[in-house]
Amino acid sequence: MAPEADRLARTKASGLACYRLALRLYPQAFYRQYAEELEADFEEASDESFRAEGAAGLARAWARAWADLPWSLTREWLRTAWPPAVVLATLAASFALYASVFRAYGPLQQYRQRVAAGIPPPQDSPELLWLMLLMVLVPIGSIIIVSGVITLALRRKGRSTRRV
Amino acid sequence: MAQPLSPAVFHVLLVLASGDRHGYGIMKDVLAQSDGSVKLGPGTLYGTLQRLIECQWVAEAPRAGPRTVQGRDRRYYRITGKGKAALDGDVARLEQLVRVVRAVKEGPRGSRS
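For the record, the sequence lines run as chains R and W.
Mapping to my numbering: the first sequence position 125 is 125, numbers consecutive.
In short: position in the second sequence from 1, add 1000, done, that's my numbering.
Hints in this document: simulated from the structure, not taken from any laboratory.
Just so we're clear, the structure is a prediction, and the values are computed from it rather than from any experiment.
Backbone N, C-alpha and C define an ideal beta-carbon position, used for all residues, glycine too.
Take these hints with a grain of salt, some might be off.
Here are the computed lysine-lysine pairs in the DSS-like style, where the Cα-Cα straight-line distance is at most 27 Å [what the hints assert, rightly or not]:
| no. | chain 1 | residue 1 | chain 2 | residue 2 |
| --- | --- | --- | --- | --- |
| 1 | W | Lys1028 | R | Lys12 |
| 2 | W | Lys1039 | R | Lys12 |
| 3 | W | Lys1039 | W | Lys1028 |
| 4 | W | Lys1082 | W | Lys1028 |
| 5 | W | Lys1039 | W | Lys1082 |
Using C-beta positions, here's what the derived DEER-type ranges look like [to be verified]:
| no. | chain 1 | residue 1 | chain 2 | residue 2 | range |
| --- | --- | --- | --- | --- | --- |
| 6 | W | Val1100 | R | Ala9 | 51 to 57 Å |
| 7 | W | Arg1075 | R | Thr11 | 23 to 29 Å |
| 8 | W | Ser1006 | R | Ala63 | 19 to 25 Å |
| 9 | R | Leu8 | W | Glu1106 | 56 to 62 Å |
| 10 | R | Thr11 | W | Glu1106 | 55 to 61 Å |
| 11 | W | Glu1060 | R | Ala9 | 31 to 37 Å |
| 12 | W | Gly1081 | R | Trp66 | 47 to 53 Å |
| 13 | R | Ala17 | W | Ser1006 | 28 to 34 Å |
Given only the sequences and the hints, what does the whole structure look like? Please build it.
Pasting the structure below:
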């Protein structure tokens, strides 16, 4: 295969791989029903646009497909029964983030003032360490747990609404 | 009065009214038919088709022989009687609208004082 054709084939394959990955973001039921066709359309549009207009055409075809993703993803997710759960999860994660940052803010300020005033910070300050850990771990943990629960729920929902 | 159809639904039904198509065929024909003013992205198209199938305006076309495009098996879609009725209803609504607009624009001559 000529190097040019080889490069093009690799570009198209990686574009398709990225698109295939992005398609996984659709709700399960929609994904199962239409992912194969979406992939086929993407491939066909890529080939056709490249044949007609070269690299610029290929870029345009890809841009069209990618630009459509956020809108259609939003629409399809809104059609599922889960928007309230997602809103609640976001609120819970935001609250956890806010609470942990708020809890750590006072001690951190004191620590900063001590350092600024030239007072050497205490050799061991487990409270500070704990607070810093909490500040990082609580929001990350809550986001992971909440998204895990939602994902599981959605998978179950997707299976139950699977078309025959 | 029936609800007006969205541009996406209207154009998809109009394309399917002239024959069965697969997804990418619908996308291309909608673009050509609307002179490039309605650009259906792939996700939007299949979302629209899913809704149309749910309300039985469109159905999957039964296969008559192999329907492969570039070696891939493709699903074809067909407008149903209900879909045709909805399309005809919207066309009638648009025609009525055009008549009203024309009448208003032309107006009764000499009515301004």
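Notebook entry, point to check: So which of those numbered hints doesn't the model satisfy?
Noted result: Failing hint: just 12.
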